[in-house]
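Undergrad: Residue numbers (our numbering), protein chains in the order written: chain R, 7 to 185; chain A, 16 to 404; chain Z, 2 to 276.
Quick caveat, the hints were computed from the structure, so don't treat them as lab data.
Incorrect hints may have been included.
[Said to hold, decoys possible] Okay, derived cross-link-like pairs now, DMTMM-like style, lysine to aspartate or glutamate, Cα gap no bigger than 20 Å in a straight line:
hint, chain 1, residue 1, chain 2, residue 2
1, A, Lys221, Z, Asp11
2, A, Lys221, Z, Asp43
3, A, Lys221, Z, Glu10
4, A, Lys345, A, Glu317
[Stated by the list, open to error] On the chain A side, residues computed to face chain Z include the following (Cβ under 7 Å):
hint, residue
5, Phe41
6, Gln63
7, Gly83
8, Asn106
9, Tyr238
10, Met246
11, Asn247
[Unchecked claim] Partial list, derived from the structure: chain R residues whose beta carbon lies under 10 Å from chain A:
hint, residue
12, Asn28
13, Gly31
14, Ala32
15, Ala33
16, Arg40
17, Ala42
18, Val43
19, Met44
20, Thr45
21, Cys46
22, Tyr67
23, Ile68
24, Phe70
25, Glu72
Here a beta-carbon is modelled for each residue, glycine too, at the ideal position from N, C-alpha and C.
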Amino acid sequence: MKQRWEIIFSGVGGQGLLLSGNLLGAAVSVIEKRQAVMTCTYGTETRGTFTKSDVILSDGYIDFPEVLDADVVVSLAQIAYDRYVDVLKPKTLFLYNSNQVKEAPSPARQVGLPMEEMAAQAGAPAAVNIVALGILTALTKCVQPTSIQEMLTRHFKGRQDVLGANIKAFEAGLEEAGK
Amino acid sequence: MNTWEIRFAMGNEAIAEGALAAGARFYAGYPITPSSEIAEIASRRLPQVGGVFIQMEDEIASIAAIIGASAAGKKSFTATSGPGVSLMQENLGVAVMSEIPCVIIDVQRSGPSTGLATKPAQGDVMQARWGTHGDHGIIALAPSSVQECYDLTIKAFDFSEKYRTPVYLMADEVIGHMREPYVLHEAAGLVSRKQPDPSEPGGDYKIFDFERYDDHIAPMPPYGGKYIFRMNGSMHDEAGFGCGASDNADKFIRHYEDKITKNRDDIVMTESYNMEDADYVLVSFGCSARSAMAAMRLARQEGEKVGVLKLMTLWPFPDKEVAAALKKAKAAVVPEMNLGQVASEVSRYNERKIPVIGVNRVDGSMITPYQILDALKGLYLKGLSLKGL
Amino acid sequence: MKHNEFIREDRLPTFWCGGCGYGQVMNSITRAFEKAGVTLNDTVLVSGIGCWGHVDSFLKVNAFHGTHGRALAFATGIKLANPELNVVVALGDGDGVTIGGNHFIHACRRNIDLTAILCNNYNYGMTGGQYSSTTPEHSITSTSPYGHIEPGFDICKLAEVSGARYIARSISENVTQTAEYIAEAMSKKGFSFVEVLTPCTTHYGRNNAMKHPPELYRWLKSTVVPAAAAAKMTEDQLRNKFIIGKLYDRPGQDYGTRYRDEIQAKGIEDLAKKE
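With these hints in hand, go ahead and build the complete structure from the sequences.
TA: This is the structure in structure tokens:
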């Protein structure tokens, strides 16, 4: 199994990119007792501008906390996709939300899925970020699905209906990517 | 040591939790990016443990309030960033002059003035040392991970109580907002300010009579007990009465400096990585230490003997440690997100006059490991194959 | 304790000039201390910088002598950290409402349980008689040699609109009256404010053709109107006059009590234990 992952979640403010990164980092570190670091970049506005979170996962000490050599880039919005589409390396998995993004040629391995549709079908139209996390989990196996589910349970503690919808969204991502 | 919990959280949270673990029970502050999470957490957590939070009208009042609360017996702290630290310099001097423990968290951002409010920098190093007017010693610690945010905040309170001095915790935007796992644990061997010997009679108490004590730190009872005392931000005598005598002023000002510098062995904390055989030494701190660690890893992968000296204490400056690190090296590189504030200090302890190269960045982005390697490569390691991005 | 027992006789005489009103105000404070029944141990006098800021060194209670203008901010921390303390704050006009104006309005607004005694002598006495935010228009000061062109604050009105709990104004010569206001102010929970008009004989008097202290005292008296008389006067008649007396006394929970009550009412400490 690969020991070190450098992952970027990108999109616009309000899409829950910080939550995706946070859940992944917490699942790996708190549940699986490995190392994780997350840093964020966002505009001064809370919503609508380019936002990303960098997550690095490793079995050992993580020195530099920002992604230098991405293994995976997730883009939920066109402005985020456009930033990365032509600068990525062939080894990078470029995962994008095809409901928002018009595909262009890229050196990276592109996988586009209708994440918004999938979220809506799962009954959680706002959980596009969680669908993306499910897809990422299935395609990379960088984290155990049960670890993410445990963190979702902790995060949505006391909000049973929201939790159920997010678990479904996560599973929808897992299943679709597993096909 | 009792472990309470492991959390994946941002440095600012670890700082607030570290303060509580250290026994802090009073916070006064004024919101400012990128430190505001500390105030938010303090406002929620302090009432849960019998403490008090207050948001003051500005940073001048914030530091005044924590100094007052500390004189009344509570371990106290505030959190801010460069613009707020500038405003706090006035009353920081009161804490120095009245020898009142308090902790000032500075989550550094780009300056001068309002600067780039959301971007990291490490430009407050010299302000922490010399920002308030007049000679004095100061303690400043710099965390470079979320765990260090927690641990060094506890240390900051301990030093503050032990030496009756204000202490800075100099985080930066990267470390403050970065999320990492950290262990919340019981703070072992917590220090609280020395109290007068119970046999000492009540009434008028000489709160500045440091010469009576071997360690030159006078006990500090709280207001409201059996001792009556006077705190004073003006030059004063042992009892806190205004005193203009030149020998008295000389004694106290030297004391403010000496009580820190003479205890430097206790206060200075550094960590060395691969220093045993290092030809090239990277001296760094805070978020830039993470860049240095990555640069070291990449250089070592190519067989280059690069080591890192990480400074966790910035003031008093780790002079001996830096001198020792430079003793056998061919060159030193100092990556920092300012234009050379620590590099100039490093140069002062460079006995063999080896080259000291700064890798500096003030554009609000982290120094990448490649930039550090480029600096080494440009001058020495011609064979290094790594390229900057 | 008797009022004279609060005075540090070994620190006398004070360094205040002949004819200055500060000795009178200090006398009022010790009489108020006697009346309020405070002890040396449970009282902290917080002072700023200026001639009046030295009052703490002539008294036996605990003291905090901080920076110019910040006394109320230091006092806020002291009081919130230990609500059992009687925290009395000595302010001047330059100190309290010029450089410290922002702290003043916010301490009033928050209703912190402090007793502030502000001596207003219309100028910066210690630094040579420059104008402050209370200096009357047209006055000559060392920085308004052609006559002052700014209007001065009515500090009691400022305190009132800012939310102070109790407000009184007196004149330093009326030692007994001032002592009664200070004692009453100390008995109130919340931000209590007493302004005392005091003559600065060395600077303000001399700069404004009142070379001899009695002239300055006479002038001060001519600028004030007792509250009862003021009630019958027109706005025109009250122009440029200061109303003296007990001006304001309203109920209201002080900040510290409210903070603690809210925590208790919401069960915040217990919630934390359950977490």
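Undergrad: With reference to the structure, classify each hint as holding or not holding.
TA: So, going through the hints one by one against the coordinates:
1. A:Lys221 to Z:Asp11: holds (16 Å)
2. A:Lys221 to Z:Asp43: The hint holds at about 17 Å.
3. A:Lys221 to Z:Glu10: Holds: A:Lys221 and Z:Glu10 sit about 18 Å apart, inside 20 Å.
4. A:Lys345 to A:Glu317: holds (18 Å)
5. Phe41: Nearest chain Z Cβ about 6 Å off; hint holds.
6. Gln63: OK, holds: A:Gln63 within 7 Å of chain Z, min 3 Å.
7. Gly83: holds (3 Å)
8. Asn106: holds (6 Å)
9. Tyr238: For A:Tyr238, the interface hint holds, since the closest Cβ of chain Z sits about 5 Å away, which is under 7 Å.
10. Met246: Hint holds; A:Met246 Cβ to chain Z Cβ min 5 Å, cut 7 Å.
11. Asn247: Holds - the Cβ of A:Asn247 comes within 7 Å of chain Z, reaching about 4 Å at its closest.
12. Asn28: holds (6 Å)
13. Gly31: holds (5 Å)
14. Ala32: holds (4 Å)
15. Ala33: Hint holds; R:Ala33 Cβ to chain A Cβ min 9 Å, cut 10 Å.
16. Arg40: holds (9 Å)
17. Ala42: holds (7 Å)
18. Val43: holds (5 Å)
19. Met44: holds (4 Å)
20. Thr45: It holds, given that the least Cβ distance between R:Thr45 and chain A is near 5 Å, below 10 Å.
21. Cys46: holds (6 Å)
22. Tyr67: For R:Tyr67, the interface hint holds, since the closest Cβ of chain A sits about 8 Å away, which is under 10 Å.
23. Ile68: Holds, about 8 Å.
24. Phe70: holds (4 Å)
25. Glu72: holds (6 Å)
Going down the numbered hints, you'll see the structure goes against none, and every one checks out.
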